[in-house]
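Chains as they are written, first to last, in the working numbering: chain A, 1 to 280; chain X, 1001 to 1121.
These aren't lab readings, by the way, just hints derived from the structure by calculation. Quick reminder that beta carbons are idealized off the backbone N, C-alpha and C, glycines included. Be aware that a few hints might be false.
To be verified - Across the chosen pairs, the derived CB separations fall in these ranges:
id, chain 1, residue 1, chain 2, residue 2, range
1, X, Met1001, A, Ser51, 36 to 44 Å
2, X, Thr1107, A, Met218, 41 to 49 Å
3, A, Cys98, X, Thr1107, 54 to 62 Å
4, X, Lys1085, A, Cys98, 55 to 63 Å
5, X, Asn1091, A, Cys98, 41 to 49 Å
6, X, Asp1096, A, Arg87, 30 to 38 Å
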Amino acid sequence: MKIAVLSGKGGTGKTLISVNMAAVLQKSVYIDCDVEEPNGHLFFKPVDVRSEKVSVKIPVADDNLCNGCRKCVDFCKYNALVYVNDRLMVFEDICHSCGGCVLLCPERALSERDKVIGEVRGGVSENVTIISGVLNTGEVSGTPIIKELISRISREERPVIIDCPPGSACIVMESIKDADYCILVAEPTLFGVHNLDMVCELVRLFEKPYGVIVNKCMDGENPAEEYCVKNGIRILGKIPYDEELGRLNSNGLIAAWVESKRYRELFKSLYQKVAGEVQA
Amino acid sequence: MKIAIPVEDKSIEGNICQSFGRSPYFLIYDTGSEESVFLNNTAAASQGGAGIKAAQIIVDSRAQAVLTPRAGEKAASVLAAADIKIYKTINDSIRDNIKAFTKGRLTLLDDIHPGFHRRRG
């Protein structure tokens, strides 16, 4: 079973929920798809970490073979190629590595080279296997790294928790593609509702079963809860605004692993609710 | 000498466009013959890389200078590769800027911006 945890903005508690859910299971895999700022490893402190580089293909022109026909320039809808002064110029960070230009070149003047954009790190911590994607600073798109992360769990038998990047752009779509269920984490504010609405639209587009966890709940108004009730969206649970939980989390501790059983029970029951939803 | 200017309309009496890559038209003006040609900027509707493609259009027009309020770094690098100089415009008027250019009163654009259209996802 693969469960993706996502939200429309950062700081709602995706990592808190992902890390703690993975931690309460007997055996599990935690995938950190927030490749621009992966931080799940700070909680798990995995050992036996192994890294593998992730690269993308970038076209290279052989100026001796290129006759300036510009078929590649006209083809590239990302405008990554220009032909100036009898030479092809390639804009690496605009290129989406589709390979179309190489296929199209009648002179076979284009080939591809690998460009490293980041890496995937795997390690273990107690009962959890941790796999994190890391995008190198300055790189534009983490999508190829997420593709690599998701390919690693295609045949995984253990429950997998996918900690998604914030938002609803391509990198999130790539992260939830293979998920059996999506947990949407929301804050109980009007701003939270706006962000929740965005990710609701996304998971509906992907036809994924989903439910909402409202985090940092206080007494009084709860616009996120009202939004769910109004739209008939399943609320999996509400996590109260809890200074102790916040303190543990900001000290890089896994609340479900500390002595008090309270948090362990909280995250276990949340997981069981999700598991029940998936089987239903 | 041919110069290129991003413009809002197909008229020399009109205004200069504030964007280079997303400008609807380019005026290619010949300072010798005083002839004007307006090119459609086919890059304007691009999802990304508009400045790059727009710069290719300028390169192909054989213009030797561009008069623009601003330009992104990728567009600037394409123009630089073709030895096309970029001059900063002084106001919105096409005529005023052509006049200033021919009198040698325009300065080179030095605040090249890093682009507004960061690719997402």
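Verification of the supplied hints:
1. X:Met1001 to A:Ser51: 36 to 44 Å: Taking Cβ atoms as reference, Met1001 (chain X) and Ser51 (chain A) lie about 55 Å apart, which means the hint is violated.
2. X:Thr1107 to A:Met218: 41 to 49 Å: violated, 58 Å
3. A:Cys98 to X:Thr1107: 54 to 62 Å: With Cβ atoms ~41 Å apart, the hint is violated.
4. X:Lys1085 to A:Cys98: 55 to 63 Å: violated, 34 Å
5. X:Asn1091 to A:Cys98: 41 to 49 Å: At roughly 42 Å between Cβ atoms, Cys98 (chain A) and Asn1091 (chain X) fall inside 41 to 49 Å, so the hint holds.
6. X:Asp1096 to A:Arg87: 30 to 38 Å: holds, 36 Å
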